[in-house]
Amino acid sequence: MKFGFILPVVVYVLAFFVYPLVQNIVMSFENFTATSFYTGRAPFVGFGNYSAVFQSPQFANAVEVTAIFVVASIFFQFTIGLALAVFFSRHFPLNALLRSLLLVPWLLPLVVSATVFRWIFNAENGVLDQLLQSLHVTSQPIYWLVNPSWALVAVIIVNIWVGIPFNMVILYGGLQGIPVSLLEAASLDGANAWQRFRHVSLPLLKPVTTVVLTLGLIYTIKVFDVIMVVTQGGPANATQTLTIWAYNLSFINFAFGQGAAVGNLLIIVALVFGVVYIRSTRFVRDGAVSL
Amino acid sequence: MSNTIGRIASARPARRAHPERRHRNLRRRGFANTAVALAILAVLLFPLYWMINISLQPSRDLLRIPPELFPFDATLHAYGNALSAEGHALLVSLVISVGTAALSLVIAIPTAFAMAQLRLRLSRPILFALLVAQLVPSIIMANALFKIMAKFDLLNTVLALILADSTLAVPFAVLILRAFMISVPRELVESAYVDGATRLRTLRSIVVPVSRNAIITAGLFSFLFAWGDFLFGLTLTTTHAVTPITVGLYSFIGAYATDWNGVMATGVLASIPAAVLLVVAQRYVAAGVTGGAVKE
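Protein chains in written order, with this note's numbering: chain Y, 12 to 302; chain X, 125 to 420.
Don't read these hints as lab results, they were simulated from the structure. None of these values were measured; they are calculated from a predicted model. Each hint should be verified, as a subset may be incorrect.
Claimed, not checked - The list that follows gives simulated cross-link-like pairs (lysine to aspartate or glutamate, EDC-like), each with its CA atoms no further than 20 Å apart:
id, chain 1, residue 1, chain 2, residue 2
1, X, Lys271, Y, Glu75
2, Y, Lys13, X, Asp319
3, Y, Lys13, X, Glu311
4, X, Lys275, Y, Glu41
5, Y, Lys233, Y, Glu75
6, Y, Lys13, X, Asp277
Said to hold, decoys possible - Computed Cβ-Cβ distance ranges for the label pairs, DEER-style:
id, chain 1, residue 1, chain 2, residue 2, range
7, X, Val403, Y, Val82, 33 to 41 Å
8, X, Leu193, Y, Pro54, 57 to 65 Å
9, Y, Phe65, X, Val160, 29 to 37 Å
10, Y, Val21, X, Ala226, 13 to 21 Å
C-beta atoms are modelled at their ideal positions from N, C-alpha and C, and glycine is treated no differently.
Input sequences plus hints: build the corresponding full structure.
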């Protein structure tokens with residue numbers, strides 16, 4: 012009888028997680044194309060899709076873009092988030108209100124934020140190029156989204172902006188959990204603010220830091236909306252991460268088998284970090300994952 | 125003990141300001157911090173201001189160099205365009221999001237109850253499966269769901285999007301509800317059994333009312349996940365019949381390249397649910413963001 016309560020979720024997990032993942036593995040060994048949907052036939056090709064993916068010149072590019080995107084995003088999201096968390100740990104008027112307003116970017120649909128940034132980065136009337144020129148930082152427009160190296164910087168900036176609230180909130184919570192008595196003791200022992208932060212707060216924050224960083228990695232590898240809206244992976248594949256490449260292979264080239272193959276590579280990466288995350292959750296309650 | 129020594133050693137006379145002056149200093153420093161916080165907020169929220177600013181400007185002002193920093197000739201014209209172009213998509217998104225929230229709660233509430241209050245051997249494997257499920261990149265789900273939905277002839281239906289979006293919401297809803305229901309006292313649940321209530325009855329009349337806040341949080345976030353979904357909307361629909369607002373906004377950029385005030389007005393309209401939730405349900409939002417993530 013007890014089992015009745017759990018039956019829906021068992022059916023659900025089988026139907027909407029296990030079955031799709033198995034389908035995806037099957038597809039990655041088939042020459043599954045647009046015609047497969049009509050004929051219902053997709054010839055078995057063994058590791059053909061995987062070798063096609065590995066041999067593609069786009070593979071190395073996608074791995075490099077993904078690595079830069081992930082590392083740069085996480086580094087800045089985390090450091091800025093941590094700085095804000097420390098700053099908001101001070102007591103000052105309107106603290107709680109301003110802190111909750113900082114969450115707004117996180118609650119908006121990503122497509123909306125990304126759309127706004129696309130206009131901010133726009134070449135002709137973009138406010139950022141205008142601002143940089145009027146401040147004499149640059150003498151001419153950067154053409155953010157047209158220039159391949161700046162386009163990657165642009166999507167990273169957007170992604171950092173999106174990730175700051177999450178990092179700040181979790182790290183703020185972690186900082187609040189540090190006993191005030193420890194900080195006071197350190198301060199009585201003559202530790203200055205930086206020493207207190209470096210030698211008391213930071214070490215005690217480590218479990219939370221691990222969770223934030225691993226979750227950050229998992230989310231950043233998945234990022235689709237931001238890049239798709241701001242650059243569509245362009246110009247000249249300069250912002251084509253593995254996720255965007257998998258999308259392009261399946262839904263633009265209709266090479267679903269190859270898209271599935273790239274997807275399965277992604278899943279391996281996500282699961283490796285996932286293990287780190289799940290092992291570190293003993294410090295943390297569940298539920299944090301889908302932020 | 126060493127603290128006392130430290131205190132004596134570090135007690136510099138200059139620090140010992142007059143209590144009143146010290147208080148005044150603290151207050152001044154407090155306001156200085158508030159000013160810094162406002163500046164940070166201004167930088168971080170600038171894109172949102174810019175969205176609203178552009179959405180209120182008439183089309184001719186958009187071509188100005190430098191751009192207008194304030195909508196001096198504010199007009200709601202762009203909102204009219206946005207509503208007529210994307211009103212249907214807003215409605216579609218509303219239906220999908222409500223459907224996703226309902227489906228997610230229907231699955232998550234009994235699951236969380238069973239995992240938290242009934243001793244079940246399956247609880248741990250399910251918990252693990254849901255944790256792993258959250259790690260799966262959505263692009264993989266989209267790839268497989270496209271094939272599956274095509275097979276069951278569900279492409280371009282609201283149902284397909286509800287089912288797909290629920291994969292974003294169900295694990296989160298179960299985990300957050302379970303975390304809450306664990307804290308419901310066993311005695312409360314057991315006393316209901318003693319009174320002869322069935323498990324279902326206990327769930328309905330004891331656990332659900334007690335867990336109201338957590339259920340609202342789970343429902344709100346399920347709604348927001350579905351409302352914000354872009355990938356499933358983009359991949360599982362091929363016609364305009366069931367385009368959600370995120371996809372509508374995306375194609376709006378391409379279709380009306382110069383009509384950025386209309387695009388921004390659509391963006392503002394698409395942000396309304398999040399804004400409303402932040403105002404109306406702030407404490408639930410705060411609960412959901414941390415997701416009970418950090419142990420107090």
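Hints numbered earlier in the text: which of these fail when held up against the supplied structure? 1, 6 and 9
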